[in-house]
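Undergrad: Residue strings, one per chain:
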Amino acid sequence: MVGEKLMDRSPLKWIPLPRLARKKRPVALSPGSLIHLGQKRAESQEVTLIAYDESSVEIEKLRELPEKHHYSIPEKVTWFHVTGLHEVEKLSVLGEEFGISNLVLEDILSTGSRPKIEKRDTEIFVVSKLIVIEPGQNTVDVQHLAVLLLPDNVLVTFLEAPSPAFDPVIERIRSGSGGRIRRFGADYLAWALLDAMVDNYLYVIDRLDEAVASMDDRLQLDATDVDTGELYELKRDAGQLYRAIRPIREITGSLNRLDSPLLEERTRPFFTDLNDHGLQVLETTEDLRESVSALRDFYLAAVSNRMNEVMKVLTCFATIFLPLTFIAGIYGMNFEHMPELGVPWAYPAVWGVFALCAAGMLWFFRRKKWL
Amino acid sequence: MVGEKLMDRSPLKWIPLPRLARKKRPVALSPGSLIHLGQKRAESQEVTLIAYDESSVEIEKLRELPEKHHYSIPEKVTWFHVTGLHEVEKLSVLGEEFGISNLVLEDILSTGSRPKIEKRDTEIFVVSKLIVIEPGQNTVDVQHLAVLLLPDNVLVTFLEAPSPAFDPVIERIRSGSGGRIRRFGADYLAWALLDAMVDNYLYVIDRLDEAVASMDDRLQLDATDVDTGELYELKRDAGQLYRAIRPIREITGSLNRLDSPLLEERTRPFFTDLNDHGLQVLETTEDLRESVSALRDFYLAAVSNRMNEVMKVLTCFATIFLPLTFIAGIYGMNFEHMPELGVPWAYPAVWGVFALCAAGMLWFFRRKKWL
Amino acid sequence: MVGEKLMDRSPLKWIPLPRLARKKRPVALSPGSLIHLGQKRAESQEVTLIAYDESSVEIEKLRELPEKHHYSIPEKVTWFHVTGLHEVEKLSVLGEEFGISNLVLEDILSTGSRPKIEKRDTEIFVVSKLIVIEPGQNTVDVQHLAVLLLPDNVLVTFLEAPSPAFDPVIERIRSGSGGRIRRFGADYLAWALLDAMVDNYLYVIDRLDEAVASMDDRLQLDATDVDTGELYELKRDAGQLYRAIRPIREITGSLNRLDSPLLEERTRPFFTDLNDHGLQVLETTEDLRESVSALRDFYLAAVSNRMNEVMKVLTCFATIFLPLTFIAGIYGMNFEHMPELGVPWAYPAVWGVFALCAAGMLWFFRRKKWL
Amino acid sequence: MVGEKLMDRSPLKWIPLPRLARKKRPVALSPGSLIHLGQKRAESQEVTLIAYDESSVEIEKLRELPEKHHYSIPEKVTWFHVTGLHEVEKLSVLGEEFGISNLVLEDILSTGSRPKIEKRDTEIFVVSKLIVIEPGQNTVDVQHLAVLLLPDNVLVTFLEAPSPAFDPVIERIRSGSGGRIRRFGADYLAWALLDAMVDNYLYVIDRLDEAVASMDDRLQLDATDVDTGELYELKRDAGQLYRAIRPIREITGSLNRLDSPLLEERTRPFFTDLNDHGLQVLETTEDLRESVSALRDFYLAAVSNRMNEVMKVLTCFATIFLPLTFIAGIYGMNFEHMPELGVPWAYPAVWGVFALCAAGMLWFFRRKKWL
Amino acid sequence: MVGEKLMDRSPLKWIPLPRLARKKRPVALSPGSLIHLGQKRAESQEVTLIAYDESSVEIEKLRELPEKHHYSIPEKVTWFHVTGLHEVEKLSVLGEEFGISNLVLEDILSTGSRPKIEKRDTEIFVVSKLIVIEPGQNTVDVQHLAVLLLPDNVLVTFLEAPSPAFDPVIERIRSGSGGRIRRFGADYLAWALLDAMVDNYLYVIDRLDEAVASMDDRLQLDATDVDTGELYELKRDAGQLYRAIRPIREITGSLNRLDSPLLEERTRPFFTDLNDHGLQVLETTEDLRESVSALRDFYLAAVSNRMNEVMKVLTCFATIFLPLTFIAGIYGMNFEHMPELGVPWAYPAVWGVFALCAAGMLWFFRRKKWL
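Residue numbers (our numbering), protein chains in the order written: chain A, 1 to 371; chain B, 1 to 371; chain C, 1 to 371; chain D, 1 to 371; chain E, 1 to 371.
It should be emphasised that the hints constitute simulated quantities derived from the structure, not laboratory data.
Please note that the accuracy of each hint is not assured.
The list treats identical chains as one, so a pair stands whether inside a single copy or across any two.
Distance condition first, Cα-Cα at most 25 Å in a straight line; then the derived PhoX-like pairs of lysine-lysine [claimed, not checked]: (1) K369 x K13; (2) K369 x K116; (3) K312 x K61; (4) K312 x K368; (5) K312 x K116; (6) K369 x K312; (7) K90 x K13; (8) K368 x K13; (9) K76 x K61; (10) K129 x K76.
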C-alpha cells in the first residue's frame, strides 16, 4: 500500500517534455525541402515489413529501403513500419518509391505538427500522437505517429522510435491465422493500430486517475500532508494529456464519416466504434481535469480551514494570558501606598483571580465555539 | 428531524465506485473475442422470459438458454431479460440465436463503455446506465443496461444484476390486462423501460437535492457546523451523477428523431415525452451542481466571515491590555527618583487611568464598528 | 426611505418553494392514467367562461362542467379558464369533451413538468410558469400554466389557483368594445395571455433589481452592514427566477416560427413582438445574475479590505507598545548594580525615550502608509 | 498629468441611469395604444427637415407637423429628424402621415426596448442606443434612437433629445456639395448615421480604456492607493456599456446580409464596413471587460501581498521583543536567592544577552527571507 | 543560466503599445477621404519592386511611384512592397494606378483596423498584423500589414515600416532559381508571405513560453522570489498576443475555402497547410494563456502557503513566551506574604518550570504538526 502510494507520488516524466511552441522549420527554407524537426529518438532508422494474407505471414526487418513493387501484392496486406525519422534522405527515397508527396513527408518529419487527418484521392493520411506509459514506470513516451493508407492494401506507418504499443497487433497478426485481422484488408489494420493508440491513451488516463484517487485519499486523511507542488504537477500532467489528446475528436470523427474507396464497407462499424472510444477518451480526460480542479479546491479549503483553526486556538491562548500578565504587572508596581500588598491572603487571592479569569475566558471561548 | 439529518449526512455509497478510466479489454485481444469487463455483480446469470399479448401474460425464469424460434411469435411481445453478464459463453450462444453481432455483444459486456444508441436496419440498440437508490438507503446502484429492440416484437435487455427498477413495469404488464402496455408492441415496452430508468435518475437527484437542502439549512443556522469534506462529497456525488446521466441527451434525442420500422407511429409521442424527461433530468442535474457550488461559496464566505469576527474581537481584546500592561510596567521600574510612587493617591489614580484607557479604547472600537 | 429598505431586505417567499427535483408520477402507473402532482393550491376547481365577439361579451362562472358544443360558436372567441388542478376526474371529463389527449392532460396536471410548446395538427399547447409578485408584497406566486389553443376560436387555459395576472386582459375584453382584442380571434387572446405572463416576469425581475440596487447602495455606504446570508438569498432568488424563465426562449421562438392554421397572419407580428420580449426578459435575468455576482465580489473585497485595515491598525498599535513595555521591564529588574537607577533625571529621561520610541514608530508606519 | 488623473477618476454619470428592468407599458393597455415610456429628456418635440440632392441643401426646423407629400420628392433625399418623444399625439399623427404602423411607433416610444432591426416590405426599421460622451465631460448620454428608412429616399429618425452625435453628418451634407453623401440616396444617409453611432461607441470605450490605463499606472506605482469602489465602478461601467452595445452584432450583421430594394448596390460595401466596425466595437468592449477583470485580479493580489508583507514585518518585530521582555521579567522577580542579582557585571551582561538574542533572531528571519 | 533568466525577466516592449480603442478617423470626414491613422513608423515611404520569373529576378528600390503598365508583365510575378504609410497622397496615386478602391485604401491606412479578408472579383485583400520579435531583443514590433493580390500575377503589400520578417522570402526568390517560388505565381508568393507572418507569431509565442517556463522554474525553487507584477505582465502579454492573433482563424479559414480565379489549383494545398498552422498558432496561444493562469494559481497558493507557514511558526513562538512571561510577572509582584520568594531553591525551580512549560508546548505543537 505504501509502495503503491510512493509510486503514484513520483511525478510523471514526459519524453519529450511537451512544449507549447515547437521548433519550426527555418523560414528561409522552401516548403517541400525535407528536414527533420525534433529530437533524434532512435539509434537507427529501421523499416519492418509485415505482409500477410489469410494463410501466410511474413515479418522481416528490411536491410535496405524497400522497393514497393517488390513486396506489394494487392491480395496481401503489406505493412511497412518505419521507426526513426532522422535519416531524411532515406525517407525521401521511400517517399518517391511510394508516391508520397513532399508536403505529406514534411508532416511526417515535423514531430511538433498538429494531429490531423487528410484524405486525398488515393491515400488517407493520419498524423497523431502515440502516448505510451509502461506499467510500473513513470516515463510517458510521447511519439509522433503517421499512418498512411495507400491503395492495393499497402499501409505505411512512421514512428520516432520503436514502441511496444503495436506489439499486440503484430502478435494478433502472427498468431491469429484465420482471425479477422488476417481476413480483412489494410484498412482494418489501420483501424487496429489507431485503436491500440486510443487504448494507450486510456492507460495514461488511468495512471493519472489513480494518482488523483491516491491524492484524494491522502487529502481526506490529512490535507496538510499534501504539497501544493504535487497538485500543480497533477494539474499540469492532466493539461498536457488533454492537449495531446484533444485533436483525436477530429480524426476519429472524420474517419467515421469518411467516404473513401480505401475503406471497405465491412470495416465501417469498427471506425464507428473507434469514434466512440475517441469520444470516451476525450470526455474522460475532461473529467480528469475537473477532478483535479475539485481536488485543488478541496485542498485549498482544507489548508485554509486548518490554518484558521491553528490561529484560533493560538489567539485564544494569547488572549487568556494577557489579562493575567496585566494583573501580575499591577502588583509588581512599586507604589508606596498599595494596601493590598500587605494583606496576608492577598497573594492566594490573586491566584484565585488568575484562575477565575482564565476559567471565565475558557468558558466564553467554548460557548462561542472558538475553541 | 435529527434522524432525517443523520440520514442525509451519511455519504452515498456508489456501487461500483465510478472510476474515470475503466478497465478495457486487453489490447492483444482481437475485437469480437468476447470478454466480460467489470465486477461480477450477480450470483448467477439468469434469463427471464416475459411474453404477453392483450389477453395473456407468461412470465418464466428460463432454466436453459432460450431458443428464439421456440418463444417468439410476432403477435406477442417477447421480452428476454438477462441479469448477470459474467457467463460469456452463454451470452455468445444467445447472441448467435438472436443474430446479435459480436460488436454489439462486446458493448453489452463492457460495463464501462459509454452510453450510446445505435440504429441498424433490423435492430435498435441502446447502452445506458441504470442508477437506482433504494428509499432510505445510501447505496447508489449503478448498473450497465443494454436494451436491444429486434423485429417481430422481440426485446432483449441485459443488466449486470437483478434490480428493482423494472418491477413496476413488470407489474404493469402482469396486472394491466387491456391496458396500453398490453395493447402496444415491443417498442412501447422499450420506452417503458427507458422511462423507468429516467425516473430512477430523478430519485437519485431528489436524494442529492434533499442533502443540499438539509446542508443549506445547517449552513444558515451555523456555518461552522459543516465540514469541508461533506461539501466536497456532495460536489463529487453531483459530479458523478452528472457524468453518468450526461449521455442521455444523445440517446433520447436520437430516439425522438429516429425513423425506423421498429418504432410504430403510435408510440412516437411517448418517445417525444421521454426526450422531454431526459432534458429535464439533465437540466436538473446541472442546476444541482450549481446549487452545490453556491453552497460552497456561501460556506467559504461564512467561515471566513466568522474567522474574521473571531480575530477582530480577540485582537481588540489584546490591544486593550497592551497599554495597560505598559503602564503597570512603568510603575514597576526601580528608579530611585520616581515622585509618583510616594504620592498616597497615586495607586487609585493609576487604577483610574487603567479604567479610562480601557473605556476609551472600547468606545473607539465600538465607534469604528470593530467590536 | 427606511421603509423602502426594510421592504427590500425582507426576503422573497416563493410559493411553492421551487425544488430542483419535483415529485413525479409513481412509476408503476401507466402513462395516461391521470394523477395530480403538486400541492392543492385552490379551494375548489372552477371554470370561467369568457365568450365574446366584436359586439358582445359574456363572462360566466360555470357551475357544471362545460359541454363544448353548448358554448362554442366559431364566430365567437370562447375562452375556458380553469383554475385548480386537483379534481382530476372533472378534468378528465373536460378533456374528453374537448378532445384533449391523455398525454396533454398529464402535462397539465404535472405541475413540475418543464415549460414547453407542442404543436399538433389541431392544437397548440403551451406549458409554462406564471410568476406573479403582488406590488408591496414579498410573496412570489409560481403557478403552472397551460394554454391550449383549439380550432373554432376556442382557448382553454389551466392554472393551479386564481391569479390576478390575467385580470388586465379580461378587463380589456370587457371594456374595449371594438378594440383589437374583440376584433381578433383566439390566437390573439393566447398572445395577450402569454404577453401578460412575460410582463409579470419583468415585474419580478424589477423587484429583484430593486433589491440589488438597494443592496448596492448599502454596500457603498458600509460594506460590513450587509450580511452574507442576504447576498446568498439574492443570488438564490435570481437563480430560481432564471431557471423558471429559461425555457421561455424555446416557447416564444417556436411560436414566432410556427406555421399553423390556428395562427392568423394578422397576429403574426404580435408573436414576433412576444419573442422580442421573451429574449429581453432572458437577457435581463442573465444580467441580473451577473449584477448579483458583481455585488458579491465587491462585498467580499470590501469586507476583506476592511478586515485588513482593522488588523493593520491594531497590529501597529501592538507593535508600538512592545518595545515600550520591554524598556519598562528593563528598569523593573532587580540587579544591585544598575547605575541608571540612581540618576535623578533617569526617570524623566526614560519617559523621553518612551515618547521618542513611540513617535519614531508612528512616523515609520505613516511613511510606509501602514497607518 | 494630475489633472488627467483626476478627470479619469471622476466616475462616469450615465443618463439615464441604466436599469436592468425598464418600465413597461401598463398591462391593461391594448397593444397599439401609444404611450411614452421613459423620462422626458427634451424640452419640446422638434422636427428638423433636411432635404438635399447633389446641387442643393435645405435645412429647416419645422414648426408644424410635416406632411409627407409636401416635402418628399423621390429625386431628393428627405430626412425628418425628430427629437423628443414625449408628445405622443403628434407622433401618432406623424405615423399616420408616413404610414408607420402602431407596433413600430410603440417600439419608437418605448425607450427601454431592446435594440433590433426589422425589415418589412417597404421599410427598414432599426432601434438602437446612441451613447455619447462629450470630450472632457463625465456624462454619458444614453439615448433611444430609431431609424426608419422608407421608399422614395425618405429617412425618419427619432431621438429622445437633441444630441451632437449627428452634427458631423449634417455638416458633411451641408458643406460637401458634390461629395458622396450628396450623390447617394437615403440608404447611404442611414449608413452614415449608424456609422456615427458606432463611432460614438468607440469614444466611450476609449474613455473607459483610458480610465483602465490610468488605474493600471496607479496600481503599478502603489496598489493600495486604489480603492475597491473605483474598480467596481469601472467594472460596472464596462458591463453597462457591454449590455448597451451587445445587440449591435445582430443589427449590423442583418444589414450586411439584408436583401432589400431600399438598399442600393453601391451602398452595400459601406454596410459591410459597418459590420466590421460593429464587430470590432464588440470585441473591444469584451477586451475592455477582460482588462478590468485582470486589473481587479492584480489589485487583489497586490493588496493581499502588501498586507502579508506588513503582517510579516510586524510579527517579526513582535517576536523579537517577546523573549527580551521575558528575560527582563525574570530579573524583575523578587526571589531572595537570585545569585545573578548581586554580580556587578550582571546588568551589562543582560544587555549583552538582549543584543545577542535580538541579533540572532534578526539573522534567522533574514536567512528565512521573512524580513 | 543567470543571463538567460535575466533576459526572460525583462518585460517585453510592444511597439506600438496595443491599446484597446484605436484612434479612428474624424467622424466629420467623408468615408473615402484618405487619412493616415497611427504613428509614423518609417522615415520615408518606400516602394520596393521585386519582379521575377523562373529564369530572372529583378529587385529594385523605386525612386518614383510605379506605373503599373510599366512593370507588370503577366508572365512575371510582380511584387510591389510598400513600407511606410504616412504619405497619403502618394498612396492615393498608387491606388488609382492599380485600381484600388478608396475603401480598401482606407483599410490599408487605418493601422488600428481589425484583421480581415475581403474577396472581390478581381482582388483578394488581406489585412493582418505582423508581429516580429528579434532574437535576443525584448521589443515586439507590431505592424499593420496589408496584402493585395491582383490579376496578372501582381501582388502589392503595405507595411508600416521596414521589417526583417519577409527577408527569408526575398532571399528564397533571389537565390532559388528553379525553386518552387520561382515557378509558381503571385498567389504562391502571397502564401509565402502569410506563412512567414504565422511563423513569426510562433516565435513570439515561443518567447513567451520560455518566459513561462523560466518563471515556472523560479516558482518551483522559491515562490516568494517572483513578483505579482511579473505574473501580471506575462498575463497581459499573453492576452495582447491572443487579441492580435485571434482573427487569423477567419483569414486562413477563408483562404482555405476560397474559390477564386486568382488562386491556382496547385497552390491550394499550401493554403490548407497555412490553415493548419493558423489553427495550431491559435491553440498554442490559448494554451499559453492557460499556462499563465495555472502559474498564477500556483503562485497565489504558494505565497499563501508560505505566509501561513511564517505566521504559524511566529505565533507558536509568541505562544510559548506568553505563559513564561506571566510566570515571571507573578514573582515580580510585591506582596509581602509570598512564601515562595524566601525558599532558597525557588529560583532554580522556576527555571525548571520555565523549561518544562516551553518543552511541553513545543511537544504539543509538534504533535499537532503546527511546527
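Undergrad: If a hint holds in the structure, say so; if it does not, say that too.
TA: How the hints compare with the structure:
When the C-alpha separation of K369 and K13 is checked against a cutoff of 25 Å, the pair qualifies neither within a copy, at 47 Å, nor between copies, at 31 Å. Taking the closest pair of Cα atoms, K369 and K116 never come within 25 Å of each other, the shortest separation being 60 Å inside a single copy and 50 Å across copies. In this homomeric assembly, K312 and K61 never come within 25 Å of each other (Cα to Cα): the closest approach is 71 Å inside a single copy and 65 Å across copies. In this assembly of identical chains, K312 and K368 lie within 25 Å of each other by CA distance both inside one copy and across copies; the values are 12 Å within and 14 Å between.
Taking CA atoms no more than 25 Å apart as the test, K312 paired with K116 passes in neither setting, with 57 Å inside one copy and 53 Å between copies. In the homo-oligomer, the alpha carbons of K369 and K312 lie at most 25 Å apart both inside one protomer (10 Å) and across protomers (15 Å), since each shortest distance falls under that limit. In this homomeric assembly, K90 and K13 never come within 25 Å of each other (Cα to Cα): the closest approach is 31 Å inside a single copy and 45 Å across copies. In this assembly of identical chains, K368 and K13 lie within 25 Å of each other by CA distance neither inside one copy nor across copies; the values are 50 Å within and 31 Å between.
Only within a single protomer do K76 and K61 lie at most 25 Å apart by alpha-carbon distance; the minimum there is 18 Å, versus 50 Å between protomers. Neither within a single protomer nor between protomers do K129 and K76 lie at most 25 Å apart by alpha-carbon distance, with minima of 28 Å and 43 Å respectively.
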